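> Okay, here's what each chain looks like letter by letter:
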Amino acid sequence: MRSGLVAVVLASRPETADSQLLCVNCQALLQGAKLFPHLCGACGFPQPLREGENSFSLLGVRPLFGQDESFLRARFYELSRALHPDRFAAADPRARHNSIERMSRINEAYRSLRDRKLLRETLLSLFEVGESVTALGNSARAQKGAPPVELAESWFELQDAVMDDPNTAQTKILEFEKSLQFKRHAFDILMTEQEALFDVSEGQDRVALLEISRILREVSYLDSLFRDVLRLKERLGGSPFLGSG
Amino acid sequence: MSELTIFSSKDSRKSAGPIVGIDLGTTNSLVALVQNGAPQVLMSREGARMIPSVVSLADGKPIVGGQARRNKVRDASHTVFSVKRLLGRGFDDLKGAIDQLPYEVVPGEGVARVKLGDQLYTAVEISAMILRELKASAEAALGEPVTRAVITVPAYFNDSQRQATRAAGRLAGLEVLRIVNEPTAASLAYGLDRKKQGLIAVYDLGGGTFDISVLRLEDGIFEVLATNGNTALGGDDLDRIFVAEAEREIRKLHGEKLLSDINLRAALLECAEQVKIALSTELWAVMKVALPQGGVYERTWSRSEFEELAHGLLEATRAPCLQALKDAGLSAQDLSDVVMVGGPTRLSIVQKVAEEIFGRKPNTSLHPDEVVAAGAAIQADILAGNTTDLLLLDVIPLSLGIETYGGLMAPLIPRNTRIPASARDTFTTFMDRQTGVDIHVLQGERDRAGENRSLARFKLKGIEPLPAGMPRIEVNFLIDADGILQVAAKDLRTGYEQAIEVRPSFGLTDDEIDQMLAAQAGSEESDRAFRKLVDARTEAEPVLRNTEKHLERAKESLSIEDFAKIEGCVLSLRTALAGDRPEAIIEAKYALNAATVRLAEIVISDSLRRS
Chain A
2 MRSGLVAVVL ASRPETADSQ LLCVNCQALL QGAKLFPHLC GACGFPQPLR EGENSFSLLG
62 VRPLFGQDES FLRARFYELS RALHPDRFAA ADPRARHNSI ERMSRINEAY RSLRDRKLLR
122 ETLLSLFEVG ESVTALGNSA RAQKGAPPVE LAESWFELQD AVMDDPNTAQ TKILEFEKSL
182 QFKRHAFDIL MTEQEALFDV SEGQDRVALL EISRILREVS YLDSLFRDVL RLKERLGGSP
242 FLGSG
Chain B
7 MSELTIFSSK DSRKSAGPIV GIDLGTTNSL VALVQNGAPQ VLMSREGARM IPSVVSLADG
67 KPIVGGQARR NKVRDASHTV FSVKRLLGRG FDDLKGAIDQ LPYEVVPGEG VARVKLGDQL
127 YTAVEISAMI LRELKASAEA ALGEPVTRAV ITVPAYFNDS QRQATRAAGR LAGLEVLRIV
187 NEPTAASLAY GLDRKKQGLI AVYDLGGGTF DISVLRLEDG IFEVLATNGN TALGGDDLDR
247 IFVAEAEREI RKLHGEKLLS DINLRAALLE CAEQVKIALS TELWAVMKVA LPQGGVYERT
307 WSRSEFEELA HGLLEATRAP CLQALKDAGL SAQDLSDVVM VGGPTRLSIV QKVAEEIFGR
367 KPNTSLHPDE VVAAGAAIQA DILAGNTTDL LLLDVIPLSL GIETYGGLMA PLIPRNTRIP
427 ASARDTFTTF MDRQTGVDIH VLQGERDRAG ENRSLARFKL KGIEPLPAGM PRIEVNFLID
487 ADGILQVAAK DLRTGYEQAI EVRPSFGLTD DEIDQMLAAQ AGSEESDRAF RKLVDARTEA
547 EPVLRNTEKH LERAKESLSI EDFAKIEGCV LSLRTALAGD RPEAIIEAKY ALNAATVRLA
607 EIVISDSLRR S
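Residue numbers (the working numbering), protein chains in the order written: chain A, 2 to 246; chain B, 7 to 617.
FYI, nobody ran anything at the bench for these hints, they're computed from the structure.
Wrong hints could be hidden among the right ones.
Computed cross-link-like contacts, SDA-like style, restricted to lysine to any residue with a CA-CA straight-line distance of at most 25 angstroms [unchecked claim]:
1. Lys332/B - Gln299/B
2. Lys118/A - Arg222/B
3. Lys35/A - Asn392/B
4. Lys118/A - Gln182/A
5. Lys332/B - Phe227/A
6. Lys201/B - Glu70/A
7. Lys118/A - Glu451/B
Quick caveat: nothing in here was measured; it's all calculated off a predicted structure.
Here chain A stands alone, though its shape is the one from the complex (with noise of 0.2 angstroms):
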């Protein structure tokens, strides 16, 4: 493995004096431990989130797109093992608390890592680029950011072009869903590029996050249209074949 300037960072910020850190039980310093941050080395006290931790941090990875699926596994398991409130079922209130609280977030850490969109959208709100997609933004009209402009202009194009002339509409509607299937690669093609250059640059390249997010935006507006050239199909009672986003 590559020793990283951004682990180098992460794991020296605790060791500066004044940000030694406790066991909430036990007042045990927890540096050193073997689950550190998560459990306290001298009395087993599952430790509460504290300011700061993030899913990278929980699972003790480096925040980049290059994520190894067995390490991630194993770290998940040892951690699960260790601090699963099964764990703690007949321990005090607030040792269950706090391995809920810890178990509950390195559960969704484990989840977002290994999912490549998802891993995305960690890494760019870890680093404060661009809007984070929520539950609610998975319809591209709510993002903010302008569609790019070829696109949209020959979408009204079909849309015109269908209207004056139904005969020829299948073909048309086949033409741009080609042509959005090939944006849409070339999309993905640029993406992994940039998450490349991110992760050579062991984190420092911020622009190639902002060209992420910049990609995303138009992906997102790539799919809302697939969506819209299938409700167009629908409408003109369009056939199955014609393939789909």
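Starting from the known structure of chain A, arrange chain B on it as the hints suggest.
Same frame as chain A, now just chain B:
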């Protein structure tokens, strides 16, 4: 600096007695406990491993288990079974499911009730009776009080059904430490020996429900990857194949009226089950039921005829299986084993359908009836802190979300999310100067709010009156390892916050349960006394019958004193039996026994002489 305290994750609770694992099944229920490192099924008080999930009225008092099961046909109007199908469901929910049952289900406030004699009971109360019987069995087997349990439910049970199960436990005097999914529990028992590793599917067809779970087993971790199912499909439905055919033919020959006879319907169901079981080993079986106005209904079934019809029904398990595989990101070839769980998986047709779906021979080596209870016992042992090398990582079966403007559901925690889980999202108002929002918590997979299950509603007030879209309302969901959901909503501008623990409407509030528990404190004593009375009667009645049978015939051979003494004892036993004091019955029975020593000798030598 505060005092240094050493924290221990295992403390006081160990002294509070054993934690048992309970499989509360549609047809049968079991209780198990890990003893010396291995799960053991605890025998019922009737000496059986399974307690039929049947409740019947005897002399106006409910009895549970084998004795109640025998009343299913003998006294159908005073017997209820398969009550798990009603648990946590409203009357409207049950259309189609209840017209097949030979007992009466009536709409009640919030939840359906069943009629047992002239009393109405909720499914929670009936389930509590079954749980009380299991509790008593465990106590009898272990010789100590049992107050804590892990209870299993179908993985695809929704929140109301889980809460109803929990309520039944409380009503039965059990602290329910965990509700565990049945297929997951089964996997614990399957993977107990640690040699089993890899990706498996658990195909769990119970009496009334179907579950499919996909898991990864690795070094003592049981990680559920996805779960799916159908809470209205089970082995009972296979019985319906025979019943439906019988009803059709009886209607044709004798008219509709005959079919409204509750005892006939119960007899048909009972016989159907026997035919189904016979056909799993025989090539053909005869269904034969006596009709109430005389005559007999008789029909011969071949195995292939049954299997063809059953195949159609069992095809309904395919879609959930494929969805679970898809949700787990796997294909059938990735699996290293398909494990069969539940009594109906003994049927070769069920195994055949599973083989068709997964493209491999399913593993039928687990005890289909006992493995779920065994798994529940293992989870109980984990919670007790005794088993530390196993850990279950389970998921929620259905998505949780809230209703947004336009009647849509915005999912906050998608299905198959590992628990404990938390999620938060920010919402806003849709009207200018709106000062309150309704938070409507939903469970389900449909886009339209109305097509999902409503779990709770609450109002967040005190929002700053601002133009629409300006306020920021943060909604937080937290699900603990018990699957209990907490929802909090907060106006990020004013800081006003409101939180609720979701207690869905299964018809019983916590207060109602407490009231019932209080009322029951007295009745538990009377239940015990009643059982003693029934036991005493059951033992005394044959003694009385036998004496009366032989007394007349042996009259000549007996001395006048002996005869008079026996007559006196018979009279006092009869009087005792008519009363309700078990001690009096036992005493009179002993007296009669003692008085009939001479009579017994005569009867025996008489029968020897004749042979």
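> Each hint needs a verdict: does it hold in this structure or not?
Tested hints:
no. : hint                : in the structure
1   : Lys332/B - Gln299/B : violated (54 angstroms)
2   : Lys118/A - Arg222/B : holds (23 angstroms)
3   : Lys35/A - Asn392/B  : holds (23 angstroms)
4   : Lys118/A - Gln182/A : holds (18 angstroms)
5   : Lys332/B - Phe227/A : holds (23 angstroms)
6   : Lys201/B - Glu70/A  : holds (24 angstroms)
7   : Lys118/A - Glu451/B : holds (21 angstroms)
The earlier numbered hint that this structure contradicts is number 1, and it is the only one.
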